[in-house]
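**Q** As given, the protein sequences belong to chains E and S, one line each in that order.
With this note's numbering, the residue at position 460 of the first sequence is 460, and numbering never jumps.
For any residue, its number in this note's numbering is found by taking its place in the second sequence, counting from 1, and adding 1000.
Be careful, since some hints might not be right.
Unchecked claim - Heads up, incomplete: computed chain E residues facing chain S, CB under 8 Å, no partners named:
1. Gly131
2. Ser193
3. Ser195
4. Tyr277
5. Tyr294
As the list claims (entries may be wrong) - Some chain S residues judged to face chain E by a derived CB distance under 10 Å, without partners named:
6. Ser1136
7. Pro1157
8. Met1158
9. Phe1164
10. Leu1217
Keep in mind the hints are simulated off the structure, nothing from the lab.
Cβ atoms here follow ideal geometry from the backbone N, Cα and C, with glycine treated the same way.
What follows is each chain in one-letter form.
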Amino acid sequence: MLNPPIIVDINSLQENLKVKLKDSKLGMISSITGQELFTLILNNNEGNASLLISDIENNNTYSALTPAIPQAHWFERYLYEMFGIFPQNHPRLKSVIFNDLGIIDYPPLRSVDQNYHHNFQRDTSFLNIEGNDLYIVPVGPVHAGVIEPGHFRISCVGENIINLEIRLGFVHRGIEKRLTQIPLTSLRFYAESVSADSSSANALANALALEQMLELNVSERSKYLRTLALEIERLSMHICDLGGIATDLGFNTIAMELARLRGQVFAMGDYLTGSRYLRNYIGTGGVRKDDDQYLSKIKSLIINLKPKLTKVINFFINNQNVYQRLHNVGKLSKSLAYDFNMVGVAARASNIAYDTRLIYDQGIYPVAILKLANESDGDALARTKVRIKEIITSIALIENVLDNIPQGTTQLVNVKHLPANCIGLGIVEAFRGELIHLIFSDENGQIKRYAIKDPSFNNWTGLAISARNNLLADFPIINKSFALSYSGHDL
Amino acid sequence: MLDIINYLTKQGLATNKELFADLNEACSGIPKINYDQSCSDLNCNKCIELCPTQAISLTNDLDNKISPNLNLAKCIGCSLCIENCPDMVFVKNLRTKTAVTQIEDLVISKEKSIANANIQPILNKNFRPLFKKSLSVRVVSTGCNACDLEINATLNPMFDLERFGINIVASPRMADALLVTGPCGLAMHEAIKNTYAAMPNPKLVIACGTCACSGGLHYNGYFETNGLCPILDVDVFIPGCPPHPWSIIFGLMLAMGHEI
Chain E
1 MLNPPIIVDI NSLQENLKVK LKDSKLGMIS SITGQELFTL ILNNNEGNAS
51 LLISDIENNN TYSALTPAIP QAHWFERYLY EMFGIFPQNH PRLKSVIFND
101 LGIIDYPPLR SVDQNYHHNF QRDTSFLNIE GNDLYIVPVG PVHAGVIEPG
151 HFRISCVGEN IINLEIRLGF VHRGIEKRLT QIPLTSLRFY AESVSADSSS
201 ANALANALAL EQMLELNVSE RSKYLRTLAL EIERLSMHIC DLGGIATDLG
251 FNTIAMELAR LRGQVFAMGD YLTGSRYLRN YIGTGGVRKD DDQYLSKIKS
301 LIINLKPKLT KVINFFINNQ NVYQRLHNVG KLSKSLAYDF NMVGVAARAS
351 NIAYDTRLIY DQGIYPVAIL KLANESDGDA LARTKVRIKE IITSIALIEN
401 VLDNIPQGTT QLVNVKHLPA NCIGLGIVEA FRGELIHLIF SDENGQIKRY
451 AIKDPSFNNW TGLAISARNN LLADFPIINK SFALSYSGHD L
Chain S
1001 MLDIINYLTK QGLATNKELF ADLNEACSGI PKINYDQSCS DLNCNKCIEL
1051 CPTQAISLTN DLDNKISPNL NLAKCIGCSL CIENCPDMVF VKNLRTKTAV
1101 TQIEDLVISK EKSIANANIQ PILNKNFRPL FKKSLSVRVV STGCNACDLE
1151 INATLNPMFD LERFGINIVA SPRMADALLV TGPCGLAMHE AIKNTYAAMP
1201 NPKLVIACGT CACSGGLHYN GYFETNGLCP ILDVDVFIPG CPPHPWSIIF
1251 GLMLAMGHEI
């Protein structure tokens, strides 16, 4: 899946990327120790990924990629923040993780060059917006509902949103650093704690990366069981997000009915993994638990769930009020979605046909029966429709997996050592979109860098753009239609 | 609209009538220690090596036997100890009444199990008359979202939190209790303190989930992710990663002063 890394001179990196990104996708940009820059490029046509590594010599600075490649902007901000590598001429090098409320005056992931002389300062300011009749609505970090913390600063004229600035980092826990310090047996627990709502996707990405490093083969049955976990998670969270939109629209009947049906999906998770959030199930080499008796229970649950869920969803999406509240709200055009590297539901709703399940190995994927859920409008309604389509495909996939699951065994492999100087890549379509885990080992077989790119890392920019020129009262719906993760972004 | 009403009338009652039911057999639950069994190999140490959060420690008895201690404030319920223990000392605990009012009660050890086989939570007498009928809760989330989703799940028709007189409110000004989830990183310290200061007296603080109780997986990280205890005095601790909705409701009922 991952081609051998290519060394690229830092000065020619920008030109190189411009050519490559014409028919490929930017996976992530980060650093290993603070001395070099790596760029992961996903060649979606060939179904593989290439890694470009460029050394940084010139006093920890290089010329920023963002002016030519807007996709890189968030990655370069993160790079400065975490490694102290300074991208010159970056249009706005504002902090993405650390803010005024909790500042750490050194780049925490930098592992080389302890006497680091660069004049390291963080910019935590807000964008200054002035004008007649302009007022600012600050929201958060503690929100009115039961959701994660984040700060939104909404500048409005009248009822119209002029600019939305998002400040994140309140749930930063230092997971990437911790992943390099712990025994290999505990890796998957930390991977799962990145974002609880995509814990099985994170565990799978972690397992795929480690299996690639160890050159392990996974039994066919494990692949089916992993797919089952991944799809149950997708089903559960899409139902949850749909219920969230219904709540924000004031359509409580549907919200409560969806919450009740979601209980059955939780029960499937319980039977499959022993946890409502599918935790502690997928690991290196296979899955932890396998019981035919419970699979038949899952089957009866999904047969029971399917007609009810379709009915409730139809009540919701065919309702005139729902259409009017969601249509043309929070529009994100295809070109902007492409420029800012949207992934997952947000990308597919803006007519970008991208689903990693069709391209990269994960569970039983790439599989033919999967239908790509695409919409062309790019508004909140399109995102809701994509979610609904994915709920239908997830149910079909769960039924398919349960019907066709092969006999066999599955068990976890106890990883004690990793091969030296080796790279492992795991790409998984979490319910929010493309999730990447990239592991680098050092000469002793220890992990020297564990990089995670959550789908929310790409999509927060999309939310900020699509909220512009909408009504302030519509902001909760736009936010919910993206349904992004704070903890996945903050790590 | 009539279609929806027609559909709803045929769905029957969703709400669970049995309160605080045990989890079903398939669940992992949290571990407990069966002190009728004892460790056969004095140098086994398997559970300590495997535990990702160092929740297990061993003590030597007077008669030279080893007995394990388990700190539920740190345990994330990964069941590695249950699956790998050769002597079946660690067993599954499927109870949902897990919340306690003193953090020491979350540590399971042999002395305690002898002194009091069934630890009953100690009630905080001060608050009993005030909150017994109703409790308004303000939730502050600082973690991976699992506990928040479970708190949202308590409000669904199956668990129906509001039938117990408990209400999740939007502002600290209306709140009687502050419920915090997650390991409380440095960036949230001030927000938590401010939320607490904005609440009217008397007020309660509840730590929900392993991260809030001790920092859990993230304990001792560079971003001071050590749970709620270093920031505020906590009245009720709800262990679990994430705690089941029934466990959360039990913790809230405990804060109200109910003896269940």
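**Q** So, for every hint listed, does it hold in this structure?
**A** Against the structure, the hints come out as follows:
Annotation: interface hint on Gly131/E violated; nearest CB of chain S at approximately 30 Å, more than 8 Å. For Ser193/E, the interface hint holds, the least distance from its beta-carbon to any beta-carbon of chain S being 5 Å, beneath 8 Å. Residue-level restraint check for Ser195/E holds (minimum Cβ-Cβ distance to chain S is 6 Å; threshold 8 Å). Interface hint at Tyr277/E: satisfied, since its Cβ lies 5 Å from the closest Cβ of chain S, which is below the 8 Å cut-off.
With a least beta-carbon distance of about 6 Å to chain S, the hint placing Tyr294/E at the interface is held under the 8 Å criterion. Against a cut-off of 10 Å between C-beta atoms, the interface hint on Ser1136/S is violated, since the closest Cβ of chain E lies about 13 Å away. The interface hint given for Pro1157/S holds, since its Cβ lies 5 Å from the closest Cβ of chain E, which is under the 10 Å cut-off. With 10 Å as the threshold, the beta carbon of Met1158/S comes within range of chain E, its nearest partner Cβ sitting at about 5 Å, so the hint holds.
Given hint, Phe1164/S at the interface with chain E, is violated; its Cβ is 17 Å from that chain's nearest Cβ, farther than 10 Å. Hint on Leu1217/S holds. Least Cβ distance to chain E is approximately 5 Å, under the 10 Å limit.
When each numbered hint is compared with the structure, violations occur for hints 1, 6 and 9.
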